[in-house]
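According to UniProt numbering, the sequence shown is numbered sequentially starting from 1.
Keep in mind that the hints were calculated from the coordinates and are not lab data. It is possible that some hints are incorrect.
Stated by the list, open to error - Derived lysine-lysine pairs resembling DSSO-like cross-links, with alpha carbons at most 30 Å apart:
hint	residue 1	residue 2
1	Lys319	Lys209
2	Lys176	Lys120
3	Lys178	Lys210
4	Lys319	Lys250
5	Lys210	Lys328
6	Lys178	Lys168
7	Lys159	Lys120
8	Lys21	Lys120
9	Lys210	Lys270
10	Lys176	Lys209
11	Lys324	Lys120
What the hints assert, rightly or not - Computed Cβ-Cβ distance ranges for the label pairs, DEER-style:
hint	residue 1	residue 2	range
12	Lys120	Ser322	36 to 42 Å
13	Lys356	Gly243	41 to 47 Å
14	Met282	Ser44	22 to 28 Å
15	Gln56	Lys178	30 to 36 Å
The beta carbon of each residue, even a glycine, is placed where N, CA and C say it ideally should be.
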Amino acid sequence: MVFSLFKKKNKPTDNNSSNLKVLEVIQETPEAISLILENQNNWSYLPGQFLTIAVQPNGEEERRSYSLSSCESTDSNLKISVKRIDNGLVSNYLCDHSKAGQTLSCMQPSGTFTYKPDNKTKNLIFFAAGSGITPIMSMIKSALHDESNSKVLLIYSNKTSESIIFRKELDEYADKFKERFTVVHTLTQVSEDSHWQGETGRIDGLKIKKYLEQLSSQFSSTYYMCGPASMMETISQTLAEMGVSDDQIKQEKFFATQTESIEGDAGSAKTHRIELIYGDEMYEVPVEPGQTILEASLEEGVNIPFSCQSGLCTACRAKCNSGKISMKNSEALSEEEIKDGYILTCVAYTESDGIKVEID
């Protein structure tokens, strides 16, 4: 999974980044590759988190976030997958130029769309489409290896059988954990001469109900989904009809567009100076009217973490300890996080004086 970004001026490399060596390039499908990166820093991460990579395909630094499909329980190194997309500057650059032996500037894993294994017996249901499988793959591997009794169901949508990322790996897991892991593939583009005998069409209410009704109601269920907004709206609506509560559903959208605009007023009409704590240092940053906290910080040379710039990931998550801010499109934060004062600096605007922001 990848979040798309706007261009930014060249800035110094972030203090929390490191150059990771590419150990292997795997051709997953005709349009997708996986990169095995040496975890020489022993970075710890949770299933579902992502790496932010900085490259300069056109002489200016570009950042993109790619979900980790590796899992600490099963993999000693880090694995991300990159899918070629139309006009995808960084994704296409990585697909065309990645090779073993080179290094990539990467920021430490982050993100709040995560799965934490425990000893409880439960049903884990995963929905994915296309490259949305990458964070889901990490979660599935963790659930199967770190929990002994949970049942895992994956419903995975792709265009064709050739475009299924991790197909061989998923088949191997389904065979190894046949009593606990079920994979349901559904294809949206099946030719008449195809030998495909599985599900066809998008993930819809009928498919969801068909397979969920086969799960034991004796255990609690948690649902994870990653893919286009339309898919997740369909799934959420169906689950609601089936009586599933919101706190049982975890989701992450992908493919934020570069043309998304912010509606309405953005912050107050005056400049506010904020206190920003990052990396054990305190900075005083002036934030102009209409500027986000992220934009103002980068302009001052304070290179705080960022990625999607659309409020859809959590690479720029910070905590507002005092003062008033407003946010546009804070989908990546839960209601509880917002109540606790967490913000996304890429969509955060100042509304008062006395603002103090802290970044872990």
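Against the structure, the hints:
1. For a cut-off of 30 Å, the pair hint linking Lys319 to Lys209 is broken: about 40 Å separates their Cα positions.
2. In summary, the hint linking Lys176 to Lys120 is supported, as the alpha carbons are separated by about 21 Å, within the 30 Å threshold.
3. Taken as a hint, the Lys178 and Lys210 pair is honoured in the structure, with Cα atoms around 19 Å apart against an allowance of 30 Å.
4. In summary, the hint linking Lys319 to Lys250 is supported, as the alpha carbons are separated by about 22 Å, within the 30 Å threshold.
5. A distance of roughly 37 Å separates the Cα atoms of Lys210 and Lys328; the hinted pair therefore is violated under the 30 Å criterion.
6. A C-alpha spacing of about 15 Å is found between Lys178 and Lys168, which places the hinted pair at or below 30 Å, so the restraint holds.
7. With a CA separation close to 35 Å, the supplied pair Lys159 and Lys120 exceeds the 30 Å bound.
8. For the proposed pair Lys21 and Lys120, the alpha carbon gap of about 37 Å is over 30 Å, so the pair is violated.
9. Annotation: proposed proximity of Lys210 to Lys270 is violated, straight-line Cα distance about 56 Å (limit 30 Å).
10. Annotation: proposed proximity of Lys176 to Lys209 holds, straight-line Cα distance about 26 Å (limit 30 Å).
11. For the given pair, Lys324 sits about 40 Å from Lys120 by alpha-carbon distance, which is inconsistent with the 30 Å threshold.
12. Range check, Lys120 to Ser322: about 39 Å between beta-carbon atoms, so the 36 to 42 Å window is met.
13. Distance hint for Lys356 and Gly243: a CB-CB separation of about 43 Å, consistent with the stated range 41 to 47 Å.
14. Hint check: Met282 to Ser44, Cβ distance near 27 Å, so the stated range 22 to 28 Å holds.
15. Distance hint for Gln56 and Lys178: a CB-CB separation of about 46 Å, inconsistent with the stated range 30 to 36 Å.
This entry does not satisfy hints 1, 5, 7, 8, 9, 11, 15, going by the numbered hints stated previously.
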